Amino acid sequence: MSSLTSMDEAKASRIRHTLWFGLIGVVVLWFGSIPILDGNQSLYFSLMLWVTMATSFNIIAGFTGYMPFGFVAFYGMGTYTAAILVSIVKVSPYIAIPASGLAGVLIALLFAPTLRLGGIYFAIVSLSLAVILQRIMGLAPEDITGGSGGLNLGQHTVREQGFYAMLIVLVAALATVTWLTRSRLGKALRAIRDDAQAADAMGINVQRSRLYAWLLSALFASLCGGIQAWFTGALDPVTAFDVLITAKTVIYAMAGGLGTVTGPVIGTVILVWVDELIWRQFPVLNSFLLGLIIALLILFMPRGIIGTLMQKYPRCRRLIM
Amino acid sequence: MKLMLNRLIGMTGALAVVAATLWIAHAEARAQDITIGMTVSSSGRFALAAQSGERGLKIWIDDVNRRGGVDVGGTKRKIKLVALDDRSDKTMVPRVYETLIKDEKVDILFGPFGSTLTGAAANTTENFSKFLVIWSASSDNIYEQGHKYVVSATQIAASRLGKPGADFMGSIDVKKLAIIYLDEPFPAGTAKGVKKRAEELGVEVVMFEKFSKGTKDFSVMIQKALATGAEVFYPASYEGDQMNIARQMRELDANFPITYMFYGSQPQFLDIGEDAKYLFSQTLLHEKVNWDVNAGLNRAQMVARYKEMFPDVAYAPDFQTALAYGAGAVLEEIIKKAGAIEPAKLKQAAIDLSGKLTVMTGPYEILPTGKQIQMEFVVMQNQKQGLEVVYPPSVATAKAIYPVPTYDKR
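Just so you know, the sequences run in chain order A and B. The first sequence runs -14 to 306 under our numbering. The second sequence runs 3 to 412 under our numbering.
No lab work stands behind these hints: they were computed from the structure. Nothing here was measured: the structure is a model prediction, and the numbers come from that model. Treat the hints with care, since some could be wrong.
Here are the simulated DSSO-like pairs of lysine-lysine, each with C-alpha atoms no more than 30 Å apart in a straight line [unchecked claim]:
no.	chain 1	residue 1	chain 2	residue 2
1	B	K290	A	K75
2	A	K75	B	K132
3	B	K386	B	K82
4	B	K226	B	K177
5	B	K80	B	K226
6	B	K290	B	K198
7	B	K107	B	K80
8	B	K107	A	K75
9	B	K218	B	K197
Modelling step: build the complete structure from the supplied sequences, incorporating the hints.
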């Protein structure tokens, strides 16, 4: 009986992974062909960026239960690092973008002691982190950060390369989260999320595990910021550290379902497409309608789309990452 | 049965022919229109100003179409506007402009409101080699990016926005100037421009301090400015902040010989009553500012058309309306000169027309980068009888009153 169950499990796992990797393959082929087919690069870039942001947020929030309200701090740091390196220091974007990821990791390390806090206290302290960084960028010498006017990359803006860079980072983020579900670290994070004390009693290094999740999360968010700077070419302290970026990330991730691999992806895709649809059809009311849809979604599906599906139809768990 | 079938086939064929003819006719009609694309913020911090600008552009489009369209190489072509929402969100701007270019297939782009959004828009339109007409972005930075198809039709660069005020100070031999400014592109750019020009004219800038967005209490900064002995107090920010500062100055009984507030002549600002009295300000749109135009409607005609087209809008036309209308009038001349709508020809025509046009917002003059160096605002003062133009002398309607009466003597 138990060997039958484990055989079933192994089969379900194979199906799950086949479906998941198949989906990633389709995504890569589809998105990869957009520039070639002269599709709307900005729309698909935006989709990739938000899927990556939601996925990276899922690493810290979904796997560990920590909600960083100041998540935009890493995004903003990545934006400024890439922009300063390209436009002021005159470094190639192929060096500036990875450097932007590193900058996010360094900031995350600097603020790692805040992981000792829990719940709302951590959430608020992380929010203050974003505000502090925004003020630093505004107050720093204008020769470096452009002051309140920000920076403009002008002719360094290379959309197509930025587009493919975003695709690479998206795939890397999805691969990382997939790996987490199967890895010891992922299992440790889930245990910590469910009961940190029990996890500690079982020999899991709670602080180190949380730190790894925090750093991974920061890495992808700051890469998103760096590539965004490369793609759009214009940034300033207000938009680079806009609290709405955190808000959208949280909403997209939760709409799909935190703690699952597919949830943030599905949530982001559905909401971005719905947003695109109503924006075109309702030029004046689109923001109101989008807010209404999100409110209803959270009200009736508090676990997110995937989370609710798995709760109502437990057999789905076998097929969904 | 066979007869009915034949009739059915015949009718279907006829309908198909009619439909195809109509579609071709419509497509041809569409092909004749020049489509202009722009983004307008329906929400967010730029909504009011963006919508004011959109109304200005619509006035121009209506006027052109009433005359049968723009002359493009001997053929009249009507203008069609496609406006999409950018939600005052810089990250949305590239997506919206790409949608306008690829999906809506617009011929020419108009910029969004403000430097913050226009910087992102210009990078996108330039990538697709599309002609972009800027009507409200003052940041000098935009014109330093090497863009080939960008022209500021009416909005003077930020570095020059403060010039009228500084020139006025120079003309009345001001010695000391205190500046405070909001740390955002437009007010910061204006403040720096005022400082630079004032210093060129021998005015000592005794205070130059920035404040962050969201500041509500300006009492310390006002007191500091007073302590410097400055003759002119120049708070550079948006309308809301300036109204707040005006009120707090009265509460503190902070009397400067001259107080200069950019938005001091706007209708909403004047509604604050006595606190707005004797302030110096600048504008492009006022009944006493009447340029001798050689393109488009003059000020009175534009205002009359605004009332006719927008009888239910709560807001009177302001300088954003004027800037956008003026940009449309300039664009019309550019298209006529170019005889085409290809971006390179339009840009060359824009440069060729520099120094030769005067629209309702003033004389048009650009650098090869597309930066607007004319369209200077005039200096106003809110005197007892109302707003008067006090500088430059060529268009002045009254002498400036300074030092202004102290609050206890008003």
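Status of the hints after comparison with the structure:
Only pairs whose Cα atoms come within 30 Å are accepted, and B/K290 paired with A/K75 is rejected, the gap being roughly 50 Å. A distance of roughly 27 Å separates the Cα atoms of A/K75 and B/K132; the hinted pair therefore holds under the 30 Å criterion. This hinted pair does not check out: B/K386 and B/K82 have alpha carbons roughly 45 Å apart, beyond 30 Å. Pair hint B/K226 plus B/K177 holds up; C-alpha atoms about 17 Å apart against a cutoff of 30 Å.
Restraint check for B/K80 and B/K226: the C-alpha separation of about 56 Å exceeds 30 Å, so the hint is violated. The hinted pair formed by B/K290 and B/K198 meets the criterion: a straight-line CA distance of about 29 Å does not exceed 30 Å. With a C-alpha separation of about 16 Å, the suggested pairing of B/K107 with B/K80 holds against the 30 Å cut-off. Between B/K107 and A/K75 the CA atoms are separated by roughly 35 Å; this puts the pair beyond 30 Å, and the hint is violated.
Only pairs whose Cα atoms come within 30 Å are accepted, and B/K218 paired with B/K197 is accepted, the gap being roughly 24 Å.
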